[in-house]
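In order, the protein sequence lines correspond to chains A and B.
Mapping to our numbering: the first sequence position 37 is 37, numbers consecutive.
Adding 337 to a residue's 1-based position in the second sequence gives its number in our numbering.
Quick caveat, the hints were computed from the structure, so don't treat them as lab data.
Any given hint might turn out to be false.
Claimed, not checked - Each pair of labels, with its calculated beta carbon distance range: (1) Phe754(B) <-> Arg248(A): 42 to 52 Å; (2) Pro512(B) <-> Val202(A): 55 to 65 Å; (3) Phe274(A) <-> Ile350(B): 32 to 42 Å.
Just so you know, these numbers come straight off a predicted model, no measurement behind them.
Note that beta-carbon positions come from the ideal geometry of N, C-alpha and C, so glycine has one too.
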Amino acid sequence: MDLNTLWFVLIGVLFTGYFVLEGFDFGVGILLPFLGKTDSERRRIINTIGPVWDGNEVWILTGGGAIFAAFPHWYATLFSGFYLALLLMLLALIVRAVAFEFRSKDRHPTWRTTWDWLIFFGSVVPALLWGVALANLLQGTPIDETKTFTGGFFDLLSPYTLIAGLASLSLFTTHGAIFLNLKSTDPIQARALATTKKVGPVATVLLLLFAVGTYVWTDAFTRVGLNPGLVPLSALGSLLAAGWLIHRERMGWGFVMTALTILFATATLFVSLFPRVMVSSLNPDWSLTVYNASSTPYTLTVMSVVALIFVPIVLAYQAWTYWVFRHRITAETELEY
Amino acid sequence: MDALTLARWQFGITTVYHFFFVPLTLGLVWVLAVFQTIWYVTGDETWKRLTKFWGKLFLINFALGVATGIVQEFQFGMNWAEYSRFVGDVFGAPLAIEALLAFFLESTFLGIWIFGWDKLPKKAHLASIWLVAIGSNISALWILIANSFMQQPMGYALRGGRAEMESFWALVSNPHVFVQFPHVITAAMATAAFFMLGISAWHLARAKDDETRDAFGRSFRFAAVYGLVATVAVTVVGHGQAQYMTGVQPMKMAAAEALWETADPAPMSLFTWGDEVERKDVFAIKVPGLLSFLAHNRFSGEVEGIRELQAEYEARYGPGDYVPPVKWTYWTFRAMVGAGMVMLLLAAWATWASLKDRLGTSPYLLALLVPAIALPYIANSTGWIFTEIGRAPWIVFGLMRLDQGVSIAVTAGEVLFSLLAFTLVYAALIVADVYLLRKYARAGLKPPEPAEPALTTAAAEA
Numbered sequence: 001m002d003l004n005t006l007w008f009v010l011i012g013v014l015f016t017g018y019f020v021l022e023g024f025d026f027g028v029g030i031l032l033p034f035l036g037k038t039d040s041e042r043r044r045i046i047n048t049i050g051p052v053w054d055g056n057e058v059w060i061l062t063g064g065g066a067i068f069a070a071f072p073h074w075y076a077t078l079f080s081g082f083y084l085a086l087l088l089m090l091l092a093l094i095v096r097a098v099a100f101e102f103r104s105k106d107r108h109p110t111w112r113t114t115w116d117w118l119i120f121f122g123s124v125v126p127a128l129l130w131g132v133a134l135a136n137l138l139q140g141t142p143i144d145e146t147k148t149f150t151g152g153f154f155d156l157l158s159p160y161t162l163i164a165g166l167a168s169l170s171l172f173t174t175h176g177a178i179f180l181n182l183k184s185t186d187p188i189q190a191r192a193l194a195t196t197k198k199v200g201p202v203a204t205v206l207l208l209l210f211a212v213g214t215y216v217w218t219d220a221f222t223r224v225g226l227n228p229g230l231v232p233l234s235a236l237g238s239l240l241a242a243g244w245l246i247h248r249e250r251m252g253w254g255f256v257m258t259a260l261t262i263l264f265a266t267a268t269l270f271v272s273l274f275p276r277v278m279v280s281s282l283n284p285d286w287s288l289t290v291y292n293a294s295s296t297p298y299t300l301t302v303m304s305v306v307a308l309i310f311v312p313i314v315l316a317y318q319a320w321t322y323w324v325f326r327h328r329i330t331a332e333t334e335l336e337y
Numbered sequence: 338m339d340a341l342t343l344a345r346w347q348f349g350i351t352t353v354y355h356f357f358f359v360p361l362t363l364g365l366v367w368v369l370a371v372f373q374t375i376w377y378v379t380g381d382e383t384w385k386r387l388t389k390f391w392g393k394l395f396l397i398n399f400a401l402g403v404a405t406g407i408v409q410e411f412q413f414g415m416n417w418a419e420y421s422r423f424v425g426d427v428f429g430a431p432l433a434i435e436a437l438l439a440f441f442l443e444s445t446f447l448g449i450w451i452f453g454w455d456k457l458p459k460k461a462h463l464a465s466i467w468l469v470a471i472g473s474n475i476s477a478l479w480i481l482i483a484n485s486f487m488q489q490p491m492g493y494a495l496r497g498g499r500a501e502m503e504s505f506w507a508l509v510s511n512p513h514v515f516v517q518f519p520h521v522i523t524a525a526m527a528t529a530a531f532f533m534l535g536i537s538a539w540h541l542a543r544a545k546d547d548e549t550r551d552a553f554g555r556s557f558r559f560a561a562v563y564g565l566v567a568t569v570a571v572t573v574v575g576h577g578q579a580q581y582m583t584g585v586q587p588m589k590m591a592a593a594e595a596l597w598e599t600a601d602p603a604p605m606s607l608f609t610w611g612d613e614v615e616r617k618d619v620f621a622i623k624v625p626g627l628l629s630f631l632a633h634n635r636f637s638g639e640v641e642g643i644r645e646l647q648a649e650y651e652a653r654y655g656p657g658d659y660v661p662p663v664k665w666t667y668w669t670f671r672a673m674v675g676a677g678m679v680m681l682l683l684a685a686w687a688t689w690a691s692l693k694d695r696l697g698t699s700p701y702l703l704a705l706l707v708p709a710i711a712l713p714y715i716a717n718s719t720g721w722i723f724t725e726i727g728r729a730p731w732i733v734f735g736l737m738r739l740d741q742g743v744s745i746a747v748t749a750g751e752v753l754f755s756l757l758a759f760t761l762v763y764a765a766l767i768v769a770d771v772y773l774l775r776k777y778a779r780a781g782l783k784p785p786e787p788a789e790p791a792l793t794t795a796a797a798e799a
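Start from the sequences, fold in the hints, and give me the full structure.
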């Protein structure tokens, strides 16, 4: 494996980690106004993700930094091209981050309700837009021979990308509902279970539609043939397993399966892209690839050494955090901080 | 306005705004770590309550620093795509390293610190705040390594129309880092010190009970010494930085002084109203020889002027206007230095009053320190505006101009829209931020906690 491929894989890993982790805290944020009936319940719901959401978010900041460092043209074309969509996502993430910290710092009901809905907005928008964004990378966007995006905001919206957006939204919501079920006690726990059973099937249908759409609207079919290979099949398998486990109310394993679904679905997208990083809809030769968009071998080597040392350390202490906060949040847990 | 001007405004507004919050984070986190350590060692509950009091204010501030920091990671690609293509091979690395080494560390362990008071052994919990302190300050180091490349490019070669990294070591050991990083860090410490002094002074002036007097007296005395050390350091380091910059970016320093023509000995301007088109003074008050002294540590010696540098740059880089907007550089530089000087005096006064145990009998000092909270914010913001605008017309000094770096794919309308969106959202958020900071600063310390906090957690079955 050359360094360009290694960095493509690493960025894929960062995105996957981000979606698996922040996926459930997006889901919890989306469900917050609906499953928390009282102020104390809402506080408990937030506390299920309180210690970890910020660490989860760093995965995408690192992903963005890694794209900049390893594939500057990808960074430049993607973020200047998907300009308004990214703006919307950034605004959502900004108000979300502030809302988590601010909502409990004043007792006025209007204050708290406002921030709760901002948490909802700040979770629902990125959960939807990430699907749209990744599907656009694969389906192709107007990119000219100078690696410049020539389209506008509405070029990013197509049936395929919208299905992808709804699929990521519903999958993250399901993932979050299961997480909430595992981390709370009744009545929140019961409501989260009911929600999982309602949203889960919707997510399953949308993901299957997305899989079909990938065959119809992208070049995945011509590239890989009828047999999609191990990664997409694993995504399908874990998706169906998740449905069955949720039905049996084996929520711990259900969570593992939605995590695997997110993992394999993201991996499928990256595998289908490779070696391209952004497909040009104008001319296949104008697509950005891991070779024509990349940094020099020297920079990639330096970055590889840094990643090799620090990624394991980060993984270790993040895992430790989850261990420290593994307990359920109950009505008696100290809520204010 | 064109896309370039709008993009510059957007970068300026979002970055200065982000830097309202960063210095307090960088400076105050050390205080939390020290206070909590004292509590850990002595067992004196007041230190724990103080840690929690300042910690609450720290967290309100930190939230906005993190939130607005997200934009920083992406906006180079959004508005400055051509810049990103040009420097990505060099500039992307420190940014990615910052995220991997620093962002993970500070956000993960801050989560542990906030929620872990009763879940972790005291020692592990104490370690978490020290890790947050280290993480956030490492973050400052890497972003300044990146900025230093824009100020004084090092460790690169121009190939295939872009800057490519030649030596990672040259990039990170850029001498510019060693003047800029200490300046930023000590400025951050001074910011935290004045924040604490102002709030402590407010409480001391109103204290009706010994408990409040004791607690905020401790904060005040700590902050006074912290503030004095930091403001002395930021001044000394800043002076060294200015001398260094006179060699690296003489145009920026000439523009800081509105020095139109090379002079030996060079006078320092106290007040200049200049004509930027004709490049001459309209009205000015100057101290003879002082600028030579500041530049060379003696009252003679040449300091290059704007006109001569313009001619020099035209010869080196081709025709063009290489003079930054002098009104901006001149006044922001004076605002930064002026605010710093007032801080130096106030910190000395506060330390003297602390040592002489005269806090109870210094009503003027206590009254002055409350509005003085604004001083470091003025100095921090104008300092960055000065150093970034003073680099104009360059985005990377000597290598790429601002107009070459702006995104091609983004229209002026899109930039205007995002500029308005960021400004409106940021304006709303700062109202909420100031409201909460005021509320919790005035509320004072929480009553002591019960010895055995009622806490139950059920083990997760899954």
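Now the hints, each set against the structure:
no. : hint                                : in the structure
1   : Phe754(B) <-> Arg248(A): 42 to 52 Å : 49 Å, holds
2   : Pro512(B) <-> Val202(A): 55 to 65 Å : 59 Å, holds
3   : Phe274(A) <-> Ile350(B): 32 to 42 Å : 39 Å, holds
Against the hints set out earlier in the document, no violation occurs for any number.
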